[in-house]
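**Q** The lines below spell out each chain.
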Amino acid sequence: MRPLAAIFARDLALLMPGGGRGGSLLALLFFLAVAMLYPFAVGPQPDLLARTGGGVIWIAALLAAILPLDRLLAPDLENGLFDQWALRGIAEEAIVAVRLLAHWLSFGPPLMLAALPASALLGIDGRTLRLVELGLLAGTPGLAAIGLIIAALTVGLRAGAALSGLLLIPLAVPLLIFGAGSLSTGGASGLALTAAISLLLVAIAPFAGGAAIRAAREG
Amino acid sequence: MEACRLVATDLACRRGERLLFRGVSLRLGAGSALQVTGANGIGKSSLLRILAGLLRPFAGEVTRQGSVALLDERPALDEHRPLGQALKFWTRIDAGEGAPLALMGLAELGEVPVRYLSTGQRKRAAIARMMGQQAPIWLLDEPLNGLDSAAAAWFEGLVEQHCQRGGIAIIASHQKFALAGLASLPLSQFQAARVE
Numbered sequence: 021m022r023p024l025a026a027i028f029a030r031d032l033a034l035l036m037p038g039g040g041r042g043g044s045l046l047a048l049l050f051f052l053a054v055a056m057l058y059p060f061a062v063g064p065q066p067d068l069l070a071r072t073g074g075g076v077i078w079i080a081a082l083l084a085a086i087l088p089l090d091r092l093l094a095p096d097l098e099n100g101l102f103d104q105w106a107l108r109g110i111a112e113e114a115i116v117a118v119r120l121l122a123h124w125l126s127f128g129p130p131l132m133l134a135a136l137p138a139s140a141l142l143g144i145d146g147r148t149l150r151l152v153e154l155g156l157l158a159g160t161p162g163l164a165a166i167g168l169i170i171a172a173l174t175v176g177l178r179a180g181a182a183l184s185g186l187l188l189i190p191l192a193v194p195l196l197i198f199g200a201g202s203l204s205t206g207g208a209s210g211l212a213l214t215a216a217i218s219l220l221l222v223a224i225a226p227f228a229g230g231a232a233i234r235a236a237r238e239g
Numbered sequence: 019m020e021a022c023r024l025v026a027t028d029l030a031c032r033r034g035e036r037l038l039f040r041g042v043s044l045r046l047g048a049g050s051a052l053q054v055t056g057a058n059g060i061g062k063s064s065l066l067r068i069l070a071g072l073l074r075p076f077a078g079e080v081t082r083q084g085s086v087a088l089l090d091e092r093p094a095l096d097e098h099r100p101l102g103q104a105l106k107f108w109t110r111i112d113a114g115e116g117a118p119l120a121l122m123g124l125a126e127l128g129e130v131p132v133r134y135l136s137t138g139q140r141k142r143a144a145i146a147r148m149m150g151q152q153a154p155i156w157l158l159d160e161p162l163n164g165l166d167s168a169a170a171a172w173f174e175g176l177v178e179q180h181c182q183r184g185g186i187a188i189i190a191s192h193q194k195f196a197l198a199g200l201a202s203l204p205l206s207q208f209q210a211a212r213v214e
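Quick mapping for you: the protein sequence lines, in order, are chains A and B.
Mapping the first sequence onto the working numbering, position 27 (from 1) lands on 47, and the numbers just tick up by one.
Mapping the second sequence onto the working numbering, position 186 (from 1) lands on 204, and the numbers just tick up by one.
Just chain A, same shape as in the assembly (with noise of 0.2 Å):
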């Protein structure tokens, strides 16, 4: 438990916004970018602005999922720590694990924190906000795992950054569907079946990703 210990509070430093690949902060600067595009593009409508903001925010937090990922894993690949930890025996499925709550940890509570600041700029009311944040709440874990396994399967890719992007999308609908589906019908359903996606990806992402690390290694 040790090492993983330090590889976590080491992963924390370097995703955290401000840490030292920064990912996190730009893809919060992005989120609040498209928020603050969107009214310039659709007219200043009050209740047109209400009624889709809480969408668009769904469509921001995904698209900002995107960024950090060529990030993610790809440097400690490339810098040899990850050959490092193989050596010390410790298994690639518990460093992705330990990245994944890492990357969900700077990546989920930062994004429900500008989802506040978004949803005044699209006039959104308080009902569909707590929607929103507790879309948001159950949907970025499993938007983490996702990115995460996409980070793994990519990482000896050259055109890498490229492509994770256009694989993100696919695999994130049933997320989008139920989180931002929630808004519409206002029930608990479909935040229960987001956070239901969201546990089986968070399952499924420690032994995809340390499979595709392995794999990256021997190629």
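Since the hints were derived computationally from the structure, they do not count as laboratory data.
Note that the Cβ used here is the ideal one computed from N, Cα and C, for glycine as well.
Among the hints, erroneous ones may be present.
[What the hints assert, rightly or not] So the derived label-pair ranges between C-beta atoms look like this:
{"no.": "1", "chain 1": "B", "residue 1": "97", "chain 2": "A", "residue 2": "204", "range": "39 to 49 Å"}
{"no.": "2", "chain 1": "B", "residue 1": "97", "chain 2": "A", "residue 2": "181", "range": "15 to 25 Å"}
{"no.": "3", "chain 1": "A", "residue 1": "219", "chain 2": "B", "residue 2": "168", "range": "51 to 61 Å"}
{"no.": "4", "chain 1": "A", "residue 1": "181", "chain 2": "B", "residue 2": "167", "range": "33 to 43 Å"}
[Said to hold, decoys possible] Reference listing, derived: stretches of chain A covered by chain B, where coverage requires no fewer than 3 residues with Cβ under 8 Å from a Cβ of chain B:
{"no.": "5", "region": "26-38"}
{"no.": "6", "region": "90-101"}
With chain A held as given, fit chain B onto it using these hints.
**A** Relative to chain A, chain B alone:
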């Protein structure tokens, strides 16, 4: 130092369509050192990675007793972090005391981010990381690359001490490595024909 042994039998390595070498066997016990020699691209690094367990051999098997440390061209230190912190990360993982930085001329570089270090300083930092691991088996891939002649002599002395204390060292290098009792394994003898 913990007991160590490294035995490889009939190793073959295939990279893509090419069979790099086959029939490589070696047996190393405590205190022995071996230099793997050969031209660029002959498979020295691949052999080291197979011995480390990072690459699956195309044929043959490796038995290791004792933990393995690998030193290659990648320092495995976070680029933007100060050297002291980057090394401390490995000290925490290895649960050791870490290597004495003053010994490697790194003492005054503790606050300098790794990305600003020169090639030789990086190499010395990587050596510090490896020493902190306290592993009995050292796999050294071109260890003298980037080191000046004084640092190279110092490192050769370090490997000699390691072997005297009962460690194993395997050096993959086309350069001369000065070490008493260093056996040699010319990889060109095991070069294989193309796989059809």
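**Q** Determine for every hint whether it applies to the structure shown.
**A** Comparing the hints with the structure gives:
Checking the proposed 39 to 49 Å range against residue 97(B) and residue 204(A) shows it holds: the Cβ atoms sit about 46 Å from each other. For residue 97(B) paired with residue 181(A), a C-beta distance near 18 Å keeps the hint of 15 to 25 Å intact. Between residue 219(A) and residue 168(B) the CB atoms are about 58 Å apart, so this pair conforms to the stated range of 51 to 61 Å. For the hinted restraint 33 to 43 Å between residue 181(A) and residue 167(B), the CB-CB distance of approximately 42 Å keeps it satisfied.
For the region 26-38 of chain A, the proposed coverage by chain B is satisfied: 4 residues have a C-beta within less than 8 Å of a C-beta in that chain, meeting the threshold of three. Using a Cβ-Cβ cut-off of 8 Å, 5 residues of the region 90-101 of chain A lie near chain B, which meets the minimum of three, so the contact claim holds.
Hint violations for this structure: none, all hints satisfied.
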